[in-house]
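Based on the provided sequences and hints, a complete structural model is requested.
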Amino acid sequence: MRRITLGEDAVSEPDLLLDATEIRKSFLGLKALDGVDFSVRKGEIHALLGENGAGKSTLIKVLTGVHKPDSGAIELDGQAVAVRDPMHAQQLGIGTVYQEVNLLPNLTVAENLYIGRQPRRFGLVDTRTMQKQARALLARYDIEIDVGAQLSSFSIAVQQLVAIARAVDMSGSVLILDEPTASLDSHEVELLFGVMRKLRDRGLGIVFITHFLDQVYAVSDRITVLRNGKLVGTRQTSDLMKVDLVSMMLGRTLAAATEHGRRAAPPPSERKISFSDFGRARSVAPFDLTISAGEVVGVAGLLGSGRTETARLLFGIDLPDRGTITVDGKPVRIASPRDAIRLGFGLCPEDRKADGIVGDLSVRENIALALQARRGWLRRMSTREQTELADRFVKALDIRTTDIEKPVKLLSGGNQQKVILARWLATQPRFLILDEPTRGIDVGAHAEIIELINKLCDEGLGLLVISSEIEEIVAYSTRVRVLRDRVHAGELAGAEISTDNIMRAIAAEHGAAR
Amino acid sequence: MSGLGSGLRKAAPQLACLAVILFFNWLAFPGFFDLRLQDGRLFGSLVDVLNRGAPVAILAIGMTAVIASKGVDLSVGAVMAMAGAVAATMTVEGYSLPVVLLSSLAVGIACGLLNGLLVAVLELQPIVATLILMVAGRGIAQLITEGVIVTFVEPGLIFFGTGSFLGLPMPVIIAAALALLTVLVVRRTALGLLIESIGVNRSASTYAGINSRLLIVMIYTFCGFCAALAGIIAAADIRGADANNAGLWLELDAILAVVIGGTSLLGGRFSILMSVLGAIIIQSMNTGILISGFPPEYNLIVKAAVIILILLVQAASLSGFKLLLRPGAAATARKAEA
Amino acid sequence: MTSSRLLPFYATLVIFLLAYAVCVIQFPNMLSTRVLGNLLTDNAFLGIAAVGMTFVIISGGIDLSVGSVIGFTSVLIAVLVTWYGIHPLAAFCIALTIATAFGAAMGAVIHYLDVPAFIVTLAGMFLARGMAFVITTDSIPIAHEFYTTLHGLYFRMPGGGRLTLIGGLMVIVFLAGIVVAHYTRFGSYIYALGGNKTSAELMGVPVARTTIGIYALSGFLSGLAGVVFSLYTSAGYSLSAVGVELDTIAAVVIGGTLLTGGVGLVAGTFVGVIIQGLIQTYIVFDGTLSSWWTKIVVGLLLFAFIALQRLLVVLSARKGSSQVATP
Amino acid sequence: ADLTVGFSQIGSESGWRAAETSVTKLEAEKRGIDLKFADAQQKQENQIKAIRGFIAQGVDAILVAPVVATGWESVLEEAKDAEIPVILLDRGIDGSPDLYMTMVASDQVLEGKVAGEWLVKDAAGKECSVVELQGTTGSSPAINRKKGFEEAIAGTPTIKIIRSQTGDFTRAKGKEVMEGFLKAEGGGKNICALYAHNDDMAVGAIQAIKEAGLKPGADIKVVSIDAVPDIFKAMADGEANATVELTPNMAGPAFDVLEKFKADGTMPPKQIITESKLYTPADDPMKVYEEKKGLGY
Ligand SMILES: Nc1ncnc2c1ncn2[C@@H]1O[C@H](COP(=O)(O)OP(=O)(O)OP(=O)(O)O)[C@@H](O)[C@H]1O
Ligand SMILES: Nc1ncnc2c1ncn2[C@@H]1O[C@H](COP(=O)(O)OP(=O)(O)OP(=O)(O)O)[C@@H](O)[C@H]1O
Ligand SMILES: [Mg+2]
Ligand SMILES: [Mg+2]
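Residue numbers (this note's numbering), protein chains in the order written: chain A, 161 to 674; chain B, 18 to 355; chain C, 82 to 408; chain D, 117 to 413.
Quick caveat, the hints were computed from the structure, so don't treat them as lab data. Every value quoted in this text rests on a predicted model; they were computed, and no experiment measured them. Ideal Cβ placement from N, Cα and C applies to all residues, glycine included. Any given hint might turn out to be false.
Covered stretches of chain D (chain B as the covering partner; in silico rule of three or more C-beta atoms under 8 Å from a C-beta of chain B) [stated by the list, open to error]:
hint: 1; stretch: 269-281
hint: 2; stretch: 320-330
The list that follows gives simulated cross-link-like pairs (lysine-lysine, DSSO-like), each with its CA atoms no further than 27 Å apart [what the hints assert, rightly or not]:
hint: 3; chain 1: A; residue 1: K569; chain 2: C; residue 2: K278
hint: 4; chain 1: A; residue 1: K390; chain 2: A; residue 2: K228
hint: 5; chain 1: B; residue 1: K27; chain 2: A; residue 2: K566
Written as C-alpha cells, this is what we have:
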C-alpha cells in the first residue's frame, strides 16, 4: 500500500479530537476507501477535498456510523470507538450535514431541528418552547421563517440552512459539513463561515467538504485530499498553493485553457426563443425574455428571488397564467414538459434528488430517459444504442462509475449531477435551462462542463443558467438577468457584466426586506 | 442473450421456495409429480397447479405493471366478477361468442380506465381509488346477475375454462400467452423503462418528458383487461357467473404473487415472469394444503407458515448472494478501474 | 401551525357535517341522540383499531392483520372466561399481551428481515385467523356477571341515546392517539419514518425501536378492539371482524392520511370512521336498497366523499400558494 | 302500509340467500307490509348496526337472519326496551328466549342427518369412502351439517369420511377441492360418494368429476343440501343423487305469526322448524327445477 505522508507528523497530537486510521470500505468490489487516515484537531476547520467520487462522503458516512468500515480504527478523544449508527454519532457529539439534504420534508422546521431531543414538559413535547428555541436558533443565520410550517414548503437553500443549523446545534465536539454551501448564495455562505469560525474558536473540530476552492482558502486551517479512495495527503492550508492543491486533487494540472474570458455575444440569429409578458400570479411577475442560438443568459438573484420558479415556468412545469411564446418567430404553446421537450427544450432541475435522478434505474437508463421519452414508447432505443450513448457521455463528462448498469443512486453526488446533464445533452436540445448546474461538481469537471457549454453554444445551443456563483455567471454569460423578489428586475450585457455590477443589481433597494 | 443466466440467478430464491413447497407436496402425496396423457390432454397435480394458478397469474401480470408504477389495484376481484357476470348473462341471452367476449373484456377495460383516471387525473391514492370499485363493482356484478348464479352451457365460452390446447388446459395457455406477449410488449418497446421510471420517481420522470398521466391510465386499463380475462376464465370454469364469490379476495393473492416475485410495493423494477412464478408458488401451496389431508382449520396456519418460509428463504439467499457475488464483482470492478 | 397540514382534515370535517345535514333533512330521526350514541358504540372497535392503523400508515407501512387479531382476541377471551373460568379482566390482560407481542414480532420481522409490511402482516392475518380456528370454530357466548356489569355502565343522553362504555373508550383512545402523535417523541419518529426512512435514520431516529413499537402499538390496539368487540357482542367467534382491516384503512384514508406515509392526523381518522358509520346508518334508514345496490351506493358515496375532499384540498391549496401539489 | 318491518339480512353470499331475500320481499309485498331491508355484507357488526338503526327509526317489528348464534344480547335487549318484537330467521341464537318472539328456522343438524341417512340406505351395507366438502370454516351450517351427517353414519362402520376440506360454499372452490380429492384418491377410484354442505359446491364438484373422466351420480354418488334449482337439473341428468331442501320461505311463517300477534296478541311458539325434505331423482327433478327457477335463486 502506497502511503504518502506529506510533511505531517504522524505521531499522536495532544489536541486530537477525532482520529481515523487505515479506513477501508468497499461496495460490491469497488474500493471506495482504501486505507485512509484522517484526523480532526480541536479548534480547526479541516477541509476534505477531492474529485467527484473520490470517497469524501463515504468517509463521512463511515465516521458517523452510516456505513461500517471493512477495516480501520476510529478514535474519539483518544478513546477507540465503534460508531454504531448516526444516533450513536450524535450522542458522541458529532453533528453532521450529509451531502444531499437529509431532512424530513413532511415535518415542521422546528421538528426537524429538534427531533429526538424535543423539550418536554410533564413528559410531553412542549411545542411552544421548541418553536421558540427553533426561531432563536435560525435567527443566528438570519432566517426568519414560520418554524411551524412544513419543511417542504421552503426552497432547498432554506432547507440546507436548517440542516446546518441542526448539525451545528448538535455538535458537541465535531461538526461535519458535506457540501453545505452548494446551493447557498454568497451572503448565506458568509454567514455560515462566521458561525464556523466562532465554533472553531470555541474549540470544535470542523470537517468541511466543498468544491469551491476559494471557500477552502477562506476558512480552512488544514486540507486533506482524497483521490480514488486513497489518501493523497494532509497539508496546512497556508502552505499549499492553489495550483498544487488542484494537481493533488486531479493527479494532473488543470489545463490553462479553461481560464477563458467572457464569452462574446454571438452574431444576431434568426433562431431564437422569445417569451413575452410571461408570468404567473404569486410566482413570478410578468417578464420578457429572448434567447438566441449561441447565447448564454445567466440568471442571478438571492435565495427565493424566483429563479427556480422562472425555470419551472419556462419549461411548462408550472403553467403561466399570461404571456406568449414564439420559437423562431412562430407562436407555440407549452402545456407540459413534454411540449417543451418536443420544441427542443431541456431543464436540469435544482433539486436533483427529487426532480432529477431516477434512483433505482441504472446510469445508462437515466442518461437515455429523456431521449427515449421524446421518441415515444413505441420506438425503443435498443440496449446497444443506450449503451453507446451512455458510454459516450460517461467519457465526455468523466462520470465516475464502476459500470453504466449501476443504479444511479449509488453514484457520488457530483456524478449524479453529471448524469442528469448527460440526459439532457443526449437530447441535443436547442434551449437548455440549467438550474445550479455545477452544484457539487469538482473543479476539474467544473472546467470541463463550462468548456462543454461553450462548445455547445458555438454549435447553436441557447442556454439559460441559474447559478448562485456570481463568478461563474460572469465567466460564461453573454447577458445576465437579475431577479429580485420574484421580479425580473434588470439585465446586464456585454461590458456591464462584472461581479460588482451583478452584486449591486441584486442588492439594489434590497434592505432588510428578507 | 445472457439474460437467461442472470434471470435464473435472480429467480433463485423463488425457485428454491417453489422446490421446497413441491417437495412437501410430494411428501404429502407421493403421486404429486405423476402425469398422464388422456384424450390428448395432460392430467396430474402439476397441471392442476398451473391450471388453478392461471387466473391469479393473469391478475398478477396486470398487477405487476400497476405496482411497478407505485400503485395498487384492489378492484381486480370485483372486475373479475363483473366480467364473468356480463359474459354469462349475455351468453344466456343468446349473443354470439365474439360479442360476448368483446363486451366482457370491454367492461374490464372500462373499469381499468376509470381506476386510471381516478389515480392519474383526480390524483386519488391508488388504494382508495380502486377501493371504490372493489366495493361497488361486486354490487354491479350482482346487479347484472340479480344475485343469482347464472349458468350457461355454450361450449365456446366453456372452452376457455375447461378446454385444452396442445395438451394443456386453456387457462394455462391463455396465461402463458398473455405473459409472453406482455413481456414482449413491455421489453421490446420502451414501456417497461418508462413504467419503472415513473414508479421510482414520478416527479423526475415528468421533468424528463414522460407523460406519466397517460401511462398510468394505460397501466390501470391493462390491469382491468387482465382482470376481465381472468373473470371470463373463472366463469367458464364453473359454467356460471357467481357474482358473489368470483375473484373474492383474489386481489390479495395477486398482490402477494407480485411481491413474492420480487417487485417492490414502492414501485420501480418489475418482472412479469417472476410475478407469474409467484402465482405458481401460491397455487402450489394452496394445492398442497388441499391434498395434505389436514383439517381445514389449519389451512391458514399452513399458509402463514409458508409465507414466513418464503420470506426467510428470500432474506437468507439475498445475503448469501451478496457473499457469492463479491469476488466476481470485485474482478469486474478492478477491470473497470484499470 | 400551518393550515396546509390540516387541510384534508378540515375538508373531511366539512364534508361530514354537510352529509349529516343532508341525511337529517331526509330522515329527521337521524338527528336523535340515539343515532349519535349508536355511531359511537357501533364503531367503537373499528375506531380503536383505526387509531393503530393510522400510526402504521403514517409510518409508511400497513397492517393487514387487524381484523384477524380482533377475531382471535375475541375467541381467546371467550375461551379463557367460559372454559377456564378466568376473570374477564385477567383474560383481557392476557389477550392484550399476546396481541401486543404479536404486533411487535411482526414489526421485528419487517425491520430486521427488511421485507414489506404488506406480506408480513398478510402472513400475520392468516396466522391470527388460523389460531382462532384452532382454538375453536364454535361461537362461544360469554355470560359472566362482569360483562353484565360493564353493559350496565352507560350514560343515558336526553332523547334515549346511550353513551356506552365502549363508545367512551373509543373517544379516549382517539384522544390518547392524538397526544401520542403530536406530543411525544415517539409520535414524531412515526412521522419521520413515513417521511423518509433513510433521512430519519441519518437524523438519528431509532428506526428499529420505532418500527417495532408502531406494530406493537397497532397489535395492542387491535387487541383492545378485540376486547371491545367481545364486550359489544358478549361472545367470541373465529369468523368475526373479517375484512375489518380494509374498513380501517378506508377510514384512515378518508380521514386524510396519505398511504405513502408521513402525512395524516389521528383526528382525521375519527371523522373517517364516523363517515363510514354515517353511510351505513343512512342505508339502513333508507331501507330500500337491495344487496347489490347497497354495495354500489356505498361505493358511490365513498367516491363522492373522497372526490369532494380532494376538490376542497386542491381548491384551497390553489388559493393558498402557487405550488401545484403532485403527490 | 300499516306495518313497517325491518329485515336484517346477512348478505347475498349464495344463491339460496338471494332466494330467501327475494321470497321475503315477495311475501311482504303480498301482505302490504313495508319492508325495510338492510344487507350486512356478511358482518355481524353491520347486522347489529342495522338493528339499532331500525330501533332508532321505530319500526313495528324486526326480522333478523343472524350470521352467528352469539352476540345478540345487548342489541336485542334494546329492541325489547323499545317494545319491538324480533323474529329470527334461518337459525336460532344462544341466549335467553325472552329476547325474541319466535324463530323460524331449519334444523341444520337434521339436514346433515337426512343426507347421511340417505347415504346409509343407498350404500346398503357396501364399503363406501366418502369425501366431504365443508362450508366456510367456522360457520354454523358447516359445523352443524357436518355433525348431523357424522351422527347418521356413526352406526355404519362401512361408511367412512376419508377426506374433508372446506370449499367455502362456492362452486369454484368446490370444483378445485374436488379436483384435489380426485388426484389424491387414485384418480377417484377410491371415492364412492361425495357429501357437500351445499348444492353450489356439489355442482362445482360434479364438473370436476366429469372432467376427470368419471361419471358423477354413478361412479361417485353426490349428496348435498339446500335444493337450489341447478342441482335438480343435475339430478335430471343423472349426475346428482340426493339433496335436502332448505326452504327459502322463512319469512312467510314469520309474517303469519306477526300478523296474528298484531291482530289479537297471540304469542306464537318459540320455535317454528321448517321441513328438511329429501329430494331424489324419483321426485321429478325437472318439475321442481321449473318451480324453483323463478324464486330468485
Ligand atoms: N452505497 C453504495 N454502493 C455502491 N457504491 C457506492 C455507494 N456509495 C458510494 N459508492 C461509490 O463510492 C464512490 C465514492 O463515493 P462518494 O460519495 O464518497 O464520493 P464523493 O467524494 O463524496 O464525491 P462527490 O464530490 O461527487 O460527492 C463512488 O464511486 C460511488 O459510486
Ligand atoms: N431566506 C428565506 N427565508 C424565507 N423564505 C425563503 C428564503 N429563501 C427562499 N425562500 C422561499 O423559498 C421559495 C423558493 O423560491 P425559488 O425556488 O424560486 O427561489 P430561487 O430564486 O430559485 O432560489 P434558490 O433556488 O437559490 O433557493 C420561495 O417561496 C421563497 O419564499
Ligand atoms: Mg459526496
Ligand atoms: Mg433555485
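Hint check results:
{"no.": "1", "hint": "269-281", "verdict": "holds (count 3)"}
{"no.": "2", "hint": "320-330", "verdict": "holds (count 5)"}
{"no.": "3", "hint": "A:K569 / C:K278", "verdict": "15 Å, holds"}
{"no.": "4", "hint": "A:K390 / A:K228", "verdict": "18 Å, holds"}
{"no.": "5", "hint": "B:K27 / A:K566", "verdict": "16 Å, holds"}
Of the hints listed earlier, there is not a single one the structure fails to meet.
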